[in-house]
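Undergrad: So the sequence lines, in the order shown, correspond to chains A and B.
Residues in the first sequence are numbered from 1 upward in steps of one, following the numbering used here.
Residues in the second sequence are numbered from 1 upward in steps of one, following the numbering used here.
The hints are simulated quantities; they were obtained by calculation from the structure and are not laboratory data.
Okay, derived cross-link-like pairs now, DSBU-like style, lysine-lysine, Cα gap no bigger than 30 Å in a straight line: (1) Lys26/A x Lys95/B; (2) Lys58/B x Lys26/A; (3) Lys68/B x Lys95/B; (4) Lys108/B x Lys69/B.
Because the structure is a prediction, the values reported are computed rather than measured.
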Amino acid sequence: DAGVTQSPTHLIKTRGQQVTLRCSPKSGHDTVSWYQQALGQGPQFIFQYYEEEERQRGNFPDRFSGHQFPNYSSELNVNALLLGDSALYLCASSRARAVNTDTQYFGPGTRLTVL
Amino acid sequence: AQSVTQLGSHVSVSEGALVLLRCNYSSSVPPYLFWYVQYPNQGLQLLLKYTSAATLVKGINGFEAEFKKSETSFHLTKPSAHMSDAAEYFCAVSKGGYQKVTFGTGTKLQVIP
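Bound conformation, chain B alone:
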C-alpha cells in the first residue's frame, strides 16, 4: 500500500520568509507524487507533480519540490512567502496512470504579515 506522511499539521511563516512543507512517502513501486493546495471552501488545485523525470519539480505560484529517493521525501518549498499562500497543502502519491491517489492529512500554512 502507498501512503504519505505530512509532518506538521500547522506551519506559520512570516511574509517573505522561506516556506518548507514536509512530506515523506511510502511506496512499493516508483511513485508518482503530487502537491495540491486547497483554499477555504474550495476544491483542490494541483501545484506540481513528480512522474520520474527531473527530481526537482517546479510548479505554479513559485513553488517547487525535490524528490529524494534515499530519504523517501518530497518536500515543498517556496523562497518567499506571500499572504496569498495561506491555505492548506496536501501531499499525495499514486502508482501513476489512472491509479487512485492517496492523500496525506494536510498542512495548514499561515502567513504572518
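Looking at chain A on its own, in the form it has when it is part of the complex:
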C-alpha cells in the first residue's frame, strides 16, 4: 500500500519563476492538504482540496494556487517566486467520511530553493 508520494524531491528556481509541485495521496484517500515548512519552523497550512475544490485556505497570498484531479492527486503552483518561498512543501492526505478523518498522512516533501 503506497503512502503519500511527492515529486520532485528537490527543486531549485530563481526569483520570479513559477513552480509546480505534485502529490499523490495514500490509497483510498480523497482529501489533500498542503503545508509550507520553512527552515526551523513548524508546518504552516496553505490550503486543502476535496472533490476537486479548495475547501479551506490558510494565510497565503494568491500566488499560491492548487488543483485536485479526479484521481485525487493534487498540484501546488507558486507564481512569481520570492526568496522567502524557499521551504519544504509537505502534502498530507486523509479520507473524508471516515471515523478517523482527522488523521492526516504526510509525504516526504519537496524541498524548494529559490535563488
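Using the hints provided, position chain B relative to the given structure of chain A.
TA: For chain B alone, kept in the frame of chain A given last:
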C-alpha cells in the same frame, strides 16, 4: 483561532532517561491534539492523537501523552529514551474532522549516549 506553544526548542536527555516534551494549547472549542515526529529530511509521522476519548493517549514507539484540560496541556512522554528517538517533535491542534491542523514550532530532541 487555535494555537499550540511548545516549550523548549531543544531538549537533551541521556539514553534511558525520561523524555518529556511540553505542549500547551489554546482553543475556543474542544480540541483535537496531535504529536508528530520528523526525522531529518523526511516528512511527518503521527505519533499519537487525542480526540476527546481517554485523556491518556498511547502512541507508537512507547510514547504517550496526557490531555489536561485544566492546564491546557498535552505533554509528550516516554519512560526511557532510545538513540533512535532523536528527531524533531511537533505538537498540533485542530477542530477535528477535516479542519486544518495548526502546528507548533517544534522541539528537537537530542539523546546523549
